[in-house]
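Spelled out from the first residue to the last, the chains are:
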Amino acid sequence: MEKANTDTAEVLIDCQSVWKVFGDRSGEAIRAITERGLSKQQVLQDYNCVVGVSDATLQVRRGEIFCIMGLSGSGKSTLIRLLNRLIEPSLGKVLVKGQDIATLDAAALRQMRARHIGMVFQSVALLPQRTVLENAAFGLEVQGVSRDERNRAAEAALAKVGLSDWTARYPSELSGGMQQRVGLARALTSDPEIILMDEPFSALDPLIRRQLQDEFRQLTKDLGKSAVFITHDLDEAIRIGDRIAIMKDGVIIQTGTAEEIVMDPADQYVADFVAGISRLHLIKAHSVMIPAAEWQGAVDGLPRCSPEADIDALIGQITETGSDAVAIAEGDAVVGIVTIRNLLSGVRGDAAPAPAAAA
Amino acid sequence: MSLPTEFSPGAFLAPAIDWLNANFHPIFALITRVIEAVLGAIEGALLALPPFALIGLAVLAALVAINLRAAILAGCCLGFCWLSGLWTGSMQTIALVAVAVAISVAIAFPLGILAARRPAIEAALRPVLDIMQTVPPWVYLIPAVMIFSLGRVPAIIATIVYGIPPMLRLTTLAFRGVPKDLKELGQAIGAKPRTILWKIEFPAATPTLLVGLNQCILLSLAMVVLAGLVGAGGLGAEVTRGLTRMEMGLGLRAGLAIVAVALLLDRVSRGALEKGRR
Chain D
1 MEKANTDTAE VLIDCQSVWK VFGDRSGEAI RAITERGLSK QQVLQDYNCV
51 VGVSDATLQV RRGEIFCIMG LSGSGKSTLI RLLNRLIEPS LGKVLVKGQD
101 IATLDAAALR QMRARHIGMV FQSVALLPQR TVLENAAFGL EVQGVSRDER
151 NRAAEAALAK VGLSDWTARY PSELSGGMQQ RVGLARALTS DPEIILMDEP
201 FSALDPLIRR QLQDEFRQLT KDLGKSAVFI THDLDEAIRI GDRIAIMKDG
251 VIIQTGTAEE IVMDPADQYV ADFVAGISRL HLIKAHSVMI PAAEWQGAVD
301 GLPRCSPEAD IDALIGQITE TGSDAVAIAE GDAVVGIVTI RNLLSGVRGD
351 AAPAPAAAA
Chain A
1 MSLPTEFSPG AFLAPAIDWL NANFHPIFAL ITRVIEAVLG AIEGALLALP
51 PFALIGLAVL AALVAINLRA AILAGCCLGF CWLSGLWTGS MQTIALVAVA
101 VAISVAIAFP LGILAARRPA IEAALRPVLD IMQTVPPWVY LIPAVMIFSL
151 GRVPAIIATI VYGIPPMLRL TTLAFRGVPK DLKELGQAIG AKPRTILWKI
201 EFPAATPTLL VGLNQCILLS LAMVVLAGLV GAGGLGAEVT RGLTRMEMGL
251 GLRAGLAIVA VALLLDRVSR GALEKGRR
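Protein chains in written order, with the numbering used here: chain D, 1 to 359; chain A, 1 to 278.
Quick caveat, the hints were computed from the structure, so don't treat them as lab data. One or more of the hints may lead you astray.
Stated by the list, open to error - 30 Å max Cα-Cα, derived DSS-like pairs, lysine-lysine:
no.	chain 1	residue 1	chain 2	residue 2
1	A	K199	D	K40
2	A	K275	D	K93
3	D	K160	A	K183
4	A	K180	A	K199
What you are looking at is a predicted structure, and each value in this text was computed from that prediction instead of being measured.
Using the sequences and the hints given, assemble the complete structure.
Next comes the structure, spelled out in structure tokens:
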């Protein structure tokens with residue numbers, strides 16, 4: 001996997017084989033893992049080192065929301081802190097906008113964090129003695145921006161998250177969901193290209209969480225920001241992420257779109273995870289269709305859908321028209337057929353039978 | 001008959017202090033002069049106005065800076081000091097405590113922050129603080145008097161030694177207690193370490209710091225009174241006089257005046273600092 005930024009959008013964060021092992025003998029421990037394949041538990045026993053992240057490689061492109069999903073202790077919080085060097089990597093390189101952040105001196109690193117990388121925390125981390133407006137403006141205040149200018153930027157950011165009426169309140173007067181909106185507004189105020197989200201919605205109740213997920217995705221796309229989003233909830237990762245990386249014991253097991261992960265889990269661990277996920281909106285027609293030649297009936301009379309239509313839409317077509325199959329068409333050309341049988345296996349998460357469909 | 005191995009620190013300390021006196025006398029003289037000058041200035045300012053005018057000013061200041069309750073309290077405390085005939089002594093004591101607390105905080109605050117950041121420094125400081133707090137305060141007075149002779153300066157020095165430990169310990173505790181995510185926030189938005197200290201850590205640590213300041217003030221006050229024994233003047237001198245002459249009335253009056261001064265310093269300092277936070 002070489003850097004392929006010619007055919008796709010620019011790579012903003014390029015994380016190359018990054019390791020973080022906590023402990024005095026981290027160097028030896030990494031060698032033991034790479035050369036002798038020691039497990040996390042063995043490393044803890046033999047070297048008294050805790051493996052946070054091992055050999056993580058990932059790339060975040062401009063305009064993309066990249067989710068890192070893992071259970072607690074999987075190293076996802078360590079990984080996100082390696083991206084803005086809140087934690088120093090033991091080995092490996094992190095490039096942000098093409099610059100190796102390990103080589104930055106203290107002042108340059110502060111500049112990089114202040115200008116290009118925003119961060120939102122699970123605990124929100126609002127300053128209790130400051131108003132909502134002062135909290136949102138805090139990033140710019142620290143950069144030495146004048147009061148008028150930073151308040152204007154903070155007001156604009158608060159308006160984006162729907163908190164215009166709350167600027168003079170204190171954080172303690174806000175609900176959890178509103179506090180997290182302030183956290184997001186604070187990150188947006190300095191207008192960074194990249195936003196790191198460390199489990200921002202985990203502590204919220206399900207309804208609010210869902211609402212914030214949708215708003216966050218919409219806002220990020222509208223503003224053209226890139227985001228790295230940490231979560232322990234696969235549903236959330238699927239809802240929000242353009243691409244998802246699944247972590248276990250400090251290792252990234254699989255990276256791909258939600259559809260790729262659900263259709264083709266890399267191992268049993270991922271398979272168990274995706275087992276309970278509803279495929280209805282996840283799997284697209286092109287993944288379950290069969291070539292038109294394998295369909296014995298007439299193609300012309302069938303209802304038509306695009307290859308990007310999801311299973312839910314296909315089921316809608318079939319139940320409405322009473323037809324046994326749907327023709328998948330790109331423009332005028334029919335590229336495949338989805339039968340009821342294909343739909344059923346799609347709902348179960350199986351790909352199209354016999355010849356694999358174009359991915 | 002004492003043992004041949006009997007431990008006698010005085011045998012080493014007394015010559016050490018003599019040596020210090022012989023070789024560093026100009027430095028000690030300078031310290032004495034500076035402290036005397038500052039004390040004299042504060043005392044002079046407090047005693048320049050007639051008592052009722054100063055009480056009026058203090059009440060007004062408390063009303064503007066804090067609230068009505070603090071203003072009433074200030075009026076009552078100072079009024080008591082005046083009516084009990086101990087005005088001069090009370091003002092002298094307030095000046096002594098103010099100078100001692102200012103110096104204690106100036107030493108303890110930075111050291112406390114340092115100790116919160118570096119466990120090694122805290123480990124080194126802890127036994128020293130333990131000794132400073134457990135040795136009876138009278139004992140500090142001996143070397144202080146040997147070096148600075150009788151008067152207000154040895155009293156201040158002994159008071160500082162006594163006031164530093166609570167302030168230092170609580171400063172360390174306060175800065176340890178700042179939530180980790182707030183500090184992380186500061187780093188993540190690219191704040192300078194100094195900005196993180198003053199805009200994030202200090203406000204978050206303030207409640208505990210106020211407890212430290214409060215302890216520092218009250219313990220310093222207790223020590224300043226004790227220092228009446230070495231001629232520090234103020235209310236301590238009145239208490240000492242009451243004790244040596246067995247005058248119950250004078251002792252009680254001076255004791256109550258001390259309570260009044262303690263209340264005044266504690267509530268006003270706390271009120272002003274809490275008001276400043278919000």
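Outcome of the hint check:
no. : hint             : in the structure
1   : A:K199 to D:K40  : violated, 39 Å
2   : A:K275 to D:K93  : violated, 48 Å
3   : D:K160 to A:K183 : holds, 26 Å
4   : A:K180 to A:K199 : holds, 14 Å
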